[in-house]
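Chains as they are written, first to last, in this note's numbering: chain U, 1 to 715; chain C, 1001 to 1190.
Calculated from the structure, these hints are not laboratory results.
Beta carbons: idealized from backbone N, C-alpha and C, even for Gly.
There may be inaccurate statements among the hints.
Calculated cross-link-like contacts (lysine-lysine; reagent style DSS-like; alpha-carbon spacing at most 27 Å) [said to hold, decoys possible]:
(1) C:Lys1066 to C:Lys1097
(2) C:Lys1148 to U:Lys538
(3) C:Lys1066 to U:Lys336
Stretches of chain U that chain C covers, calculated by requiring three or more beta carbons in the stretch to come under 8 Å of a beta carbon on chain C [stated by the list, open to error]:
(4) 435-447
(5) 691-700
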Amino acid sequence: MNQPEKAQEFDSFSYDDDIVKKFVHATLIWGFIAMLAGVFIASQLANWRLNLGLPWITFGRLRPVHTNGAIFAFAGNAVFAGVYYSMQRLLKTRMYSDLLSRVHFWGWQLIIVAAAITLPLGYTVGKEYAELEWPIAFAINVIWVIFAFNFFKTIQIRRERHIYVAIWFYIATILTTALLHVLNTIQIPVSMWKSYPIYSGVQDALVQWWYGHNAVAFVLTTPFLGLMYYFLPKAADRPVYSYRLSIVHFWSLVFIYIWAGPHHLLYTALPEWAQTLGMIFSIMLIAPSWGGMINGLLTLRGAWNRVRTEPILKFFVAGLTFYGMATLEGPLLSIKSISAVGHYTDWIIGHVHGGTLGWNGFITFAMVYWLVPRLWNTKLYSEKLANLHFWVGFLGTLTYVISMWTAGITQGLMWRAIDASGKLVYPDFIETVTRIVPLYYVRAVGGALYLSGFVIMLYNIYRTIALAPKEVEPVVVRAPKLLEPTFEMLGRKPHRILEGLPGLFAVLSFVAVAVGTFIELTPAVLSSDYVAVNPAVKPYSPLQLQGRDIYVREGCYLCHSQMVRPLISETLRYGSYSRAEESVYDRPFQWGSKRTGPDLARVGGKYPDLWHYRHMMDPRDVTPDSIMPIYPWLYRDKIDFDVLKKKLQVMKSLGVPYTDDEVEHASDLAHEEAHRIASGLVAQGVPADTEDKDIIALIAYLQRLGADFKKGLIQ
Amino acid sequence: MTQKDDEQKNLTDHEYDGIREYDYQLPTWWLNLFYASIVFAAGYFIWYQWMDGRSIQEEYQAEKAKLDIILANEASKSATVSEADLLALVKEPAQIKAGKEVFQNRCAVCHGAQGQGLIGPNLTDEYWLHGGKLAQIAQTVTNGIPEKGMPPWGPLLTPQQIHSVVAYIRSIRGSNPPNAKAAQGELYKE
Chain U
1 MNQPEKAQEF
11 DSFSYDDDIV
21 KKFVHATLIW
31 GFIAMLAGVF
41 IASQLANWRL
51 NLGLPWITFG
61 RLRPVHTNGA
71 IFAFAGNAVF
81 AGVYYSMQRL
91 LKTRMYSDLL
101 SRVHFWGWQL
111 IIVAAAITLP
121 LGYTVGKEYA
131 ELEWPIAFAI
141 NVIWVIFAFN
151 FFKTIQIRRE
161 RHIYVAIWFY
171 IATILTTALL
181 HVLNTIQIPV
191 SMWKSYPIYS
201 GVQDALVQWW
211 YGHNAVAFVL
221 TTPFLGLMYY
231 FLPKAADRPV
241 YSYRLSIVHF
251 WSLVFIYIWA
261 GPHHLLYTAL
271 PEWAQTLGMI
281 FSIMLIAPSW
291 GGMINGLLTL
301 RGAWNRVRTE
311 PILKFFVAGL
321 TFYGMATLEG
331 PLLSIKSISA
341 VGHYTDWIIG
351 HVHGGTLGWN
361 GFITFAMVYW
371 LVPRLWNTKL
381 YSEKLANLHF
391 WVGFLGTLTY
401 VISMWTAGIT
411 QGLMWRAIDA
421 SGKLVYPDFI
431 ETVTRIVPLY
441 YVRAVGGALY
451 LSGFVIMLYN
461 IYRTIALAPK
471 EVEPVVVRAP
481 KLLEPTFEML
491 GRKPHRILEG
501 LPGLFAVLSF
511 VAVAVGTFIE
521 LTPAVLSSDY
531 VAVNPAVKPY
541 SPLQLQGRDI
551 YVREGCYLCH
561 SQMVRPLISE
571 TLRYGSYSRA
581 EESVYDRPFQ
591 WGSKRTGPDL
601 ARVGGKYPDL
611 WHYRHMMDPR
621 DVTPDSIMPI
631 YPWLYRDKID
641 FDVLKKKLQV
651 MKSLGVPYTD
661 DEVEHASDLA
671 HEEAHRIASG
681 LVAQGVPADT
691 EDKDIIALIA
701 YLQRLGADFK
711 KGLIQ
Chain C
1001 MTQKDDEQKN
1011 LTDHEYDGIR
1021 EYDYQLPTWW
1031 LNLFYASIVF
1041 AAGYFIWYQW
1051 MDGRSIQEEY
1061 QAEKAKLDII
1071 LANEASKSAT
1081 VSEADLLALV
1091 KEPAQIKAGK
1101 EVFQNRCAVC
1111 HGAQGQGLIG
1121 PNLTDEYWLH
1131 GGKLAQIAQT
1141 VTNGIPEKGM
1151 PPWGPLLTPQ
1161 QIHSVVAYIR
1171 SIRGSNPPNA
1181 KAAQGELYKE
């Protein structure tokens, strides 16, 4: 509109909407699978029998299918659909390369399929939302770079002088996600489906939560804000409320968000200055986050009467409101004393789902309801069903979030209750679990409601597409060619000029996220005295290492932490708090983020081997009300002794002080240790052929946890 | 000025695929919220990292000191119980009943529902690894044998509960339950 009108040549072209349709289909299919997996694992927590004793669908292996599926398959494909649709129109050009768009699409779907196969098989790195093993992680990097290349080339061939706020958010998303994923997945392969991260212990924890938190920021927040900035004004047919608010909240959001990761590690062995940075940047994040909500809600001024009738606007309003709630709740949970109550509990699960179900889900639904009739050149099959979807989804989200808040706060308070005589009021962990199991049922119902709403949408969209005209003429767009800019064409205000220089814009937004990254991560990754080395802490024996990999494989870290916090209620329950030097050989770190079961940092030596043997067979043998799954395959599957030499070699190359002799004889050493443990068990009546089974390696590892500390050499 | 005029005044000349932009002022309350959070953050960091604010470690040590005083008080209150007192409890059905309940909830998992021994040793025979005197058994229950996997129950049970469970254990001595675990430790006779 503001193009200086000289003698202009017009181009005729069409948009690539086929790629958008593909991503919409993928969003709907994977969304269904990810949500179904979610309802299933929620039901497993309510009733352990649903684990069915099958390795592939036991909670610890299926939970990453749900989380990765919801984030990268459902939300990821939704983002791509919205980005491909909106960016072509906002830049007035077809994508730079249709071929690269398709490589991106099919590559991404293959990655998802690979994830859906490998995760149930137990191939996992063992870091949340970064579970995919190295070949898949590498493929993600490659596909992401292809997407980024196509994206920036498209910006280069645009016919619109300035880039709109949605594009700013897409730029920040693409650059930062690449940075996050590449740095967090640097790992050394042991075999095709097993690798060890180059970071260990506290470093691994810091890098992982810098990644994990910013996956929320740059996969679930910034791209969705971009989508909101395109689809909300379109659906409401109203101008965006405030351009300057867009500028201020965009830059403050991307600059501040990247610092906030350590709030996932409050009261852990992470150095306190990093924890404090994580907390204060979370507090400063409230206003920048709310900037997006305000700009969205105020854009609806003059359209509020339509919110009553139009389901799309309902989804936008509710989505923005859930976004506002989640982005206030998150910073509050980052305050140290509130984190002390909420961390490791279901409160966090409730918080996350307020954001994912309420914000990501609802914005996606609004977008799909708006897009599909336009893409297929038809009308929505039923407004009524879309309204029904909204109310069912809304009720499901509230049921989910409220049940988890209640469960989390209840359990958090029970864990820390100490009576006048200095004793824990609920010394048995299981008491605090049985108390909240009813709420696990309520949560599963909430999730099932949400899924039902989604199924209503699938039906509605299916009917819409079925009714669409089969042959549609591609729409030809005419737009003036973009002339080489003179400085005055860009505008007078500095930010307006910057919007005309997307390359510089990209560089500056990369700098904005690099500052916090550099300041927080560099000391951890580069400095050798970040964690004092303690000679009392010895590397894992080959058998213990194998047991640890089994622990990772079964996803034990998803329900058990290994990090006793320096809080009285924790040290009374578990023993002395965890020190950073205790996990220097932990690749990956297994501090955990949730305690569905108790912390295990000090479990070594707490129970006899036979206790663990019986416990993994059926946890109810030793803890009658336990909700933990059974692990019968650990008693059938044989320990892979042959891989141990290679594992020790890789560990040694990463700086773990194994001797050449230990590496050479890793398998023999493991056999000896397994024999020792098994003999003790066999003497107590365990079957004689147990010696080479996975359970023995797992017991070796569990008995090691905290053992160095108990020797009294760590102060 | 009507609302229409106000909107016209604030409308920019930006247009992207039909999307227009107003340029309204930043909401004052929002801006103040942002400034306040920055001031709070700076103050918090300076106080806790560079000035007198207590670190997590110091906070913990202070809490621990308070708890230690409470625990020392409690320990002095529950004076050691004599062998005769414990033996007397064995004759009180109410004590045995209470002790049995504690045993089923806490001990049966490792020592078997009849005390026949399972993960832990048999408690119905006359052989004892850590002393068969009732006062010794009370000690074992209270402090545990951590290196063998017997947890200390002192932090979890009241002294009365520990005494009654010891009485119950004495009451099942010689009961010869089925599937009893082989004897371990030394013979003890009263």
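Hints and how they fare:
no. : hint                   : verdict
1   : C:Lys1066 to C:Lys1097 : violated, 36 Å
2   : C:Lys1148 to U:Lys538  : holds, 22 Å
3   : C:Lys1066 to U:Lys336  : holds, 21 Å
4   : 435-447                : violated (count 0)
5   : 691-700                : violated (count 0)
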